[in-house]
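Novice: Residue numbers (the working numbering), protein chains in the order written: chain A, 1 to 110; chain B, 111 to 621.
Mixed in with the good hints, there may be bad ones.
Capping the alpha-carbon separation at 27 Å, the derived lysine-lysine pairs in DSS-like fashion look like this [stated by the list, open to error]:
hint, chain 1, residue 1, chain 2, residue 2
1, B, K142, A, K8
2, A, K77, B, K331
3, A, K105, B, K301
4, A, K79, A, K105
5, B, K561, B, K507
6, B, K555, A, K83
7, A, K69, B, K331
8, B, K301, A, K95
9, B, K142, A, K95
10, A, K73, B, K331
11, A, K79, B, K331
12, B, K331, A, K74
13, A, K105, B, K142
14, B, K380, A, K105
No lab work stands behind these hints, which were simulated from the structure alone.
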Amino acid sequence: MPIDVNGKSLEVDEEGYLSNLNEWEPAVAEVMAKAEDLELTDDHWEIINFLREYYEEYQIAPAVRVLTKAVGKKLGKEKGNSKYLYELFPYGPGKQACKYAGLPKPTGCV
Amino acid sequence: MAEYEIPETHEFPVIPTVMEGVMSHSAPFLAKAQFQEPLGFPGDAGLVDGWKEMFIEELGNMLKKYRSLQVFMDICVKCGACTDKCHYFLGTGDANNMPVARQDLLRKVYRRYFTLPGKYFPKLVGAVDLTEEVVNEMYSYYHQCSECRRCSVFCPYGIDTAEVTMAARDILAKIGMGQKYSNEIIGKVFKIGNNLGLPEPALVDTMEGLEEEVEEDTGIKVRYPVDEKGADILLVTPSADFFAEPHVDGLIGYGKVFHAAGVSWTVSSKASEAANFGLFIGNYENMREISLRIREAAKELGVKRIIFGECGHAWRVAYNFLNTLAGPWDFLDPNYPVPQHILEFTSDCIDKGILKLDPSENDWMTLTFHDSCNIARASRIGDYPGSQFEIPRKVIKAVCNNFHDMADETIHDRTFCCGGGGGLLTDDLMELRLKGALPRMEALKNVIEDKGVTHMAAICAICKSQFTKVLPYYGMTMDQIVSVHQLVSNAIILDGQDDDEAENAETDEAA
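Just need the whole structure built from these sequences, with the hints factored in.
Specialist: Right under this line is the structure:
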């Protein structure tokens, strides 16, 4: 069940995660967010971009404390918590934001 | 939040009207070849050629290998004691979720091919032919059992439903119908070392972050070491402890306890996972291979002891089988149990007066405790009957002033599963998870209303993640679930951590 992005058909898995990470482009996040009735703001993009940078270095999404700490440093302490992240990504920063960022879904007991 | 029909909670449990097939649509994603192969299973998200003969042969092998399974297939007298004991039945009302009915999905095939009356007079004894429809029904309903064994507590013959589910899942995986969630995870353990797929550099980065965090909060350098050779203790903990909330607050707590006790410890990047999903899929070979990683890590690091973090089924595997799966452990210090649970360690420290504790740090909460099924019914923490119920409560009460238990029929060995155990903690089973959480949510709501409880503590990564997800659907908030060692972490006062610093940390948090 591929998704349509800028006229290209991209393969996603059963849960809507991009099958091939290299096919990601910002429009992928826009298309996925639109399908879930979410409008991406600069605040969302801060998170998505951080996830992508971290993934490039470590081959995994950041742990929640790594993420909140980085957000706190960059955007101010009041935003460095998971409550802020859940406000942005109601399905959970780990899963929803990873999906938009083209990362694989975090698996396990999370 | 996605839309689901959430069952109503009541002041007293209500047994639902039995309905046929209302959950027959529920089934997790099948594992594609890429997730089957690393585990030694055939197929690509569907039945393989010759599946029928393979099914019968495999069932035959299992009946010979596991005498318990043979007994469970023969001994049920349909007394009905189990029918209303399953959280998935209570939450869904589906007839096949009465444990006896779910077991019968395998039993009726067993009768057809392995009993004389079933071979000659199938209709008289409820035996059925093995068809694709029968197999699909099994795939659906054997993934509506969390292997929690609550029904077994009430069975006069002690039939272990979990074992029947495990056998069925193992057979299904071997004919091409493995479950994506569990199998993908086991593949990651083999490849990377943990369920998450957290590689060593990310693990080190995460643990360094925790060191910084604890130092900021307390002013004390508490170490969170990775792969440190010569450490006394190897901590084996669920990888969710590195990754998720509230799990990570528990991990912070383990580190503080070790620090206060003055012992050296480490986690291993090779065995950076306590969980053993080999148990969930009922496959011995995979369970063993996962366990052996712990042995290799313990040898390589030269540790003297092994301690497990807060993880329910991991402790079941470790407590019951670690010696047969990955022993002998004669290279470890014989003065300590192999393995040991983190709660045993902390409880000992409390008994010996090693920890300086200020329970008033947790005064803003009133706690209750959720017994994890695999610890309550399948293992023990401590060394006397029932100590697995008492030790967690003892530790909580040592670090919290306000505690109330939930209703008697929902705790200790009669505890309800969180609704996400046994390899079902996956988004493709969200409807089942939400409905299966009903009995626990009901008991929690009642103790919130009657006793003013504000938070529920748990000692299992699955329970913690499941409750984080389902609490909002039942009108509560995700942060009402906490780790037991998170409570310890809040209350512990480390040497050199003067009160000023503690107060500063508090004001910081409030700000």
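Novice: Against this structure, judge whether each hint is valid.
Specialist: Tested hints:
| no. | hint | verdict |
| --- | --- | --- |
| 1 | B:K142 - A:K8 | holds (25 Å) |
| 2 | A:K77 - B:K331 | holds (22 Å) |
| 3 | A:K105 - B:K301 | holds (17 Å) |
| 4 | A:K79 - A:K105 | holds (24 Å) |
| 5 | B:K561 - B:K507 | holds (16 Å) |
| 6 | B:K555 - A:K83 | holds (23 Å) |
| 7 | A:K69 - B:K331 | holds (18 Å) |
| 8 | B:K301 - A:K95 | holds (22 Å) |
| 9 | B:K142 - A:K95 | holds (21 Å) |
| 10 | A:K73 - B:K331 | holds (21 Å) |
| 11 | A:K79 - B:K331 | holds (26 Å) |
| 12 | B:K331 - A:K74 | holds (25 Å) |
| 13 | A:K105 - B:K142 | holds (16 Å) |
| 14 | B:K380 - A:K105 | holds (21 Å) |
Taken one by one, the earlier hints all hold for this structure without exception.
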